[in-house]
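Trainee: Below are the chains, spelled out letter by letter.
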Amino acid sequence: MSADAEQRTIRCLIAKVGLDGHDRGAHVIARAFRDAGFEVIYSGLHRAPAEIVQAAVQEDVDVIGISILSGAHNTLVPKIVDGLKEYDAFEDTLILVGGIIPDEDREQLKEMGVAEVFGPGTPMQETIDFVRENAPER
Amino acid sequence: MSQAELDLVEDLLGGSHRALARAITKIENRSPGYRDIVSALHEHAGSAEVIGITGSPGAGKSTLVDKLVKRYRDRGETVGVIAVDPSSPYTGGAVLGDRIRMASNVGDMDVFFRSMSARGRLGGLSTATSDAVTALDAFGKDRVVIETVGAGQNEIDIVRTADSVVVLVQPGSGDDVQMLKAGILEIGDVFVVNKADMDGTARTVAELEEMIHLRSNPRKNLDTGHHRVDEAQGASVVNGEQEEEAATWTPEVVETVATSGDGIDDLAESLAAHRTFLEESGRLREKAQTRYAEEIRRLVQSDLSDLVEREFDARGGVDAFAAAVADRETDPYTVADEVVAPVRACLEETDDG
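Protein chains in written order, with full-length UniProt numbering: chain A, 1 to 138; chain B, 1 to 353.
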């Protein structure tokens, strides 16, 4: 495990986008990812999709984890996806969504390019393993 | 250089943010080919003004950087920022949290903000950071700001890759003995007392000024190296006193409240004054040359140590030697001699030829 981390450090952006002001979950994920040996960039609260795109491009992250509790995922996530495409960063960035996402919206998000949706109660290890297995080869 | 690297360099020079980001990643990861990339970028770099900012955790560095960058942007300059944060010694993981405070510049792609983690490397981090500066410089940034926690020797090395070094302290950060201690207080060209709306600001400013006053005098008398160098080169520095006077920078102390932006103009002016001093005194060139000398040494040493590792592997690994030493069959000096012998022989052969 640690040998892998030495070979290539996985960089993640944990993004809070939109108006919801609750980021305890994002903090917990950031810490768990850090303890898994990832480099985590946390966006802070109330970010616009363009800011998330800017951060993802400049930091050249492998993974974006978007945390949304407000129900605005159907408007915000597509904007992030489009922004990444604009900078040729969509193809090799793994996009994850976490938070409160109704089942009927999951498929739609995945069609948009989200790799996986992690709802409340997902074991942390499951998320970490998913990132390890699916972080894009570069 | 492979086609992929050529393309990356070309895209970077052409203004692609993605290419710049990817090049820095390759530099950070020490990916194959990163050296070719830095080599190719070197000739395009050299015009950016590089500022290093350090200070203890919580002194307000990120907020200050945000406001300083905003000021440069208002003047139409483009800026690159490299923020270095520590990584966990146990897992290698890190939370890179300085980006949050870049609130004044969000959505402005002409501010290229990049977080770097220490990744547990000591010497290598400063090389990686200065290579990343080269990339931002070649990309065409007018200013590059390096921000790091001034906790240890390694962090000091990083800010010293800058032309001007700003050291941040907050009011009431320790008694006057702290000011006597060696470390980050010795490397500042500009000192900033941030959070200057707090109690104790006047005292901290006075202590810093006293320290600067004390340091400038003894150093002038001790620092005779320049005279000797100048004399050796035949320069006319017989009456060196005035020349020395002119070529000495006395660090300035600036008060700021980064959250409100108070004092940022003073800081920018102080940095501009230091820049002018560096250019007019010829120190800029001198500093760059010293830096490159250190960098060349570091690179050669690291290459040599790779060769040595290979030599160990070829001879069955360092553990076998260690076991033999522990068994008193041989001793560390003999082993070292033995391992280095082929290299020494090679060098002596070339000398003879």
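By construction, these hints were calculated from the structure, which means they are not laboratory data. Ideal Cβ positions, reconstructed from N, Cα and C, are used throughout, including at glycine. Any given hint could turn out to be false.
[What the hints assert, rightly or not] Computed footprint of chain A on chain B, listed as stretches where at least three residues anywhere in the stretch have a Cβ under 8 Å from a Cβ of chain A: (1) 124-132; (2) 202-208; (3) 295-305.
[What the hints assert, rightly or not] Short, incomplete list of chain A residues facing chain B, as computed with Cβ under 7 Å: (4) Ala32; (5) Val40; (6) Glu51; (7) Val57; (8) Gly83; (9) Lys85; (10) Asp88; (11) Pro120.
Trainee: With reference to the structure, classify each hint as holding or not holding.
Mentor: Right, here's what the structure says about each hint:
1. Figure legend: the segment 124-132 of chain B, annotated as covered by chain A; annotation inconsistent (0 residues with Cβ-Cβ distances under 8 Å, at least 3 required).
2. Under the rule that three or more residues need a Cβ within less than 8 Å of chain A, the assignment of the segment 202-208 of chain B is violated, with 0 such residues.
3. Remark: the segment 295-305 of chain B is not confirmed as covered by chain A, as 0 of its residues place a Cβ nearer than 8 Å to a Cβ of that chain, below the required three.
4. With its C-beta approaching chain B no nearer than about 9 Å, A/Ala32 sits outside the 7 Å limit, and its interface hint is violated.
5. Hint on A/Val40 holds. Least Cβ distance to chain B is approximately 5 Å, under the 7 Å limit.
6. At a threshold of 7 Å, the smallest CB-CB gap from A/Glu51 to chain B is about 5 Å, leaving the interface hint in force.
7. At about 6 Å, the closest approach between the beta carbon of A/Val57 and any beta carbon in chain B falls short of 7 Å, and the interface hint on this residue holds.
8. Violation of the interface hint for A/Gly83 is found here, the shortest Cβ-Cβ separation to chain B being roughly 11 Å, above the 7 Å cut-off.
9. Evaluation of the A/Lys85 hint against chain B yields a violated restraint, the C-beta minimum of about 11 Å exceeding 7 Å.
10. Hint status for A/Asp88: holds, given a least beta-carbon distance of 5 Å to chain B, under 7 Å.
11. Among the interface hints, the one on A/Pro120 is violated; its C-beta lies about 22 Å from the nearest C-beta in chain B, farther than the 7 Å criterion.
Checked against the numbered hints given earlier, the structure breaks hints 1, 2, 3, 4, 8, 9, 11 and satisfies all the rest.
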